[in-house]
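If you're matching them up, the sequences are chains A and B in order. Taking my numbering, the leading residue of the first sequence gets 1, the next gets one more, and so forth. Taking my numbering, the leading residue of the second sequence gets 240, the next gets one more, and so forth.
Hints listed in this document are in silico derivations from the structure and should not be mistaken for laboratory results. Mixed in with the good hints, there may be bad ones.
Okay, derived cross-link-like pairs now, DMTMM-like style, lysine to aspartate or glutamate, Cα gap no bigger than 20 Å in a straight line [as the list claims (entries may be wrong)]:
no.	chain 1	residue 1	chain 2	residue 2
1	A	Lys208	B	Glu269
2	A	Lys104	A	Glu84
3	B	Lys277	A	Glu217
4	B	Lys310	A	Glu84
Facing chain B, according to a computed beta carbon distance under 10 Å, are these residues of chain A, among others [unchecked claim]:
no.	residue
5	Ser68
6	Glu97
7	Lys100
8	Pro129
9	Arg215
10	Val219
11	Tyr221
12	Leu222
Ideal placement from N, C-alpha and C gives every residue a C-beta, glycine not left out.
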Amino acid sequence: MNKCFKPTRTVLIAVGSFNPPTNMHLRIFELAKDFLQKNDHEVLGGIISPVHDQYGKKGLVTAEHRCSMLKLAVETSNWVNISEWETQQEGWTRTAESLKFYKKALNDINSEFDWAKKIQAKMLDKEFPLNINLKLLCGADLIESFAVPGLWKDEDIEDIVSNYGLVVISRSGSNPQQFIYESDLLTRLQRNISIVPEWITNEISSTKIRRALSRGESVRYLTSDSVIDYIQTNRLYIQ
Amino acid sequence: MNNCFKPTRTVLIAVGSFNPPTNMHLRIFELAKDFLQKTDQEVLGGIISPVHDQYGKKGLVSAEHRCSMLKLAVETSNWVNISDWETQQEGWTRTAESLKFYKAKKIQAKMLDKEFPLNINLKLLCGADLIESFAVPGLWKDEDVG
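One chain only, chain A, in its complex shape (with noise of 0.2 Å):
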């Protein structure tokens, strides 16, 4: 019997702050999916998980309000999901951490979790076992930061990156294939990392947008609508 070429069913997941969700979060799901899917993959769907309160960033606002805002933010999308995980656990987790629950959830057929329900739906058949593989979905950033000494464990970069894998959103002004050049570790890896060129430079982020709030400008066409409107009522980022 012939075995038919059967495409990897992949998840992209995201972690960070979102502080607040801007439309470049939601871009470079885009991004890595028009990617993917033209190398093979059968992307299922995308999951962001926002990270722990006591992940200490200054300006941080609440886990609640971050959630909130996110799920105002992909209220049109029919792909992305949130994940309040992180944000539910005793503190902050580590991403080798997070990255081994999520995997383990989304190929458990019994999930109880919503985001793994929808994702196992859109699977055209359910096979057991259901070979789901999640990538690290990131930009430039977090690959230079493998770099700032005591930030990453060395056996977590190479866990994140032999066992599920980068999908690296590259901006202009950044060079991630030099980063990968310069450490022996991820050319030694470079298989599981995928650079996405992002051709259409978005330099929106959370930081510009905290920023104009707090000078009272506008950040309409940045984030969604009602990202906004949540913003304004709950009065957030006002200082």
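Using the hints, position chain B against chain A.
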């Protein structure tokens, strides 16, 4: 009677193909409004005036489509409006002519006191590319740029 300081009443207008309209088009209105309001101008509203089909750019979809898309794009805006005036003329209208026409029209609802004359100033909103296009031979009449 004391004449209190009154900010200059201004309307912003952007012309172009809008083929299709993008977040960038709407964003420049927001940037301009924030900037002008910090420099004593009261921005009453914005007008998007899509170009006539006859402008002839390759790949330009019909005015009907462009206007429909623009109406959807500004649906959630409480200050930017669409005008299909240019698209309804006989042919393509020079920007200077459009500005002259629009200046005569009014965005009155936003004005708190309807004194006469209405004294509304019209400012052309554009990117650096439009200014740079002034240098392209034959594209603009010198008197229009003035």
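Verification of the hints:
1. A:Lys208 to B:Glu269: holds (15 Å)
2. A:Lys104 to A:Glu84: With a Cα-Cα distance of about 16 Å, the restraint between A:Lys104 and A:Glu84 holds, given a limit of 20 Å.
3. B:Lys277 to A:Glu217: holds (10 Å)
4. B:Lys310 to A:Glu84: violated (37 Å)
5. Ser68: This hint is violated: A:Ser68 lies away from chain B, its Cβ roughly 20 Å from the closest one there, beyond 10 Å.
6. Glu97: violated (36 Å)
7. Lys100: Nearest chain B Cβ about 37 Å off; hint violated.
8. Pro129: violated (42 Å)
9. Arg215: Holds - the Cβ of A:Arg215 comes within 10 Å of chain B, reaching about 9 Å at its closest.
10. Val219: holds (8 Å)
11. Tyr221: holds (4 Å)
12. Leu222: holds (7 Å)
Hints 4, 5, 6, 7, 8, counting from the list given before, are not met by this structure.
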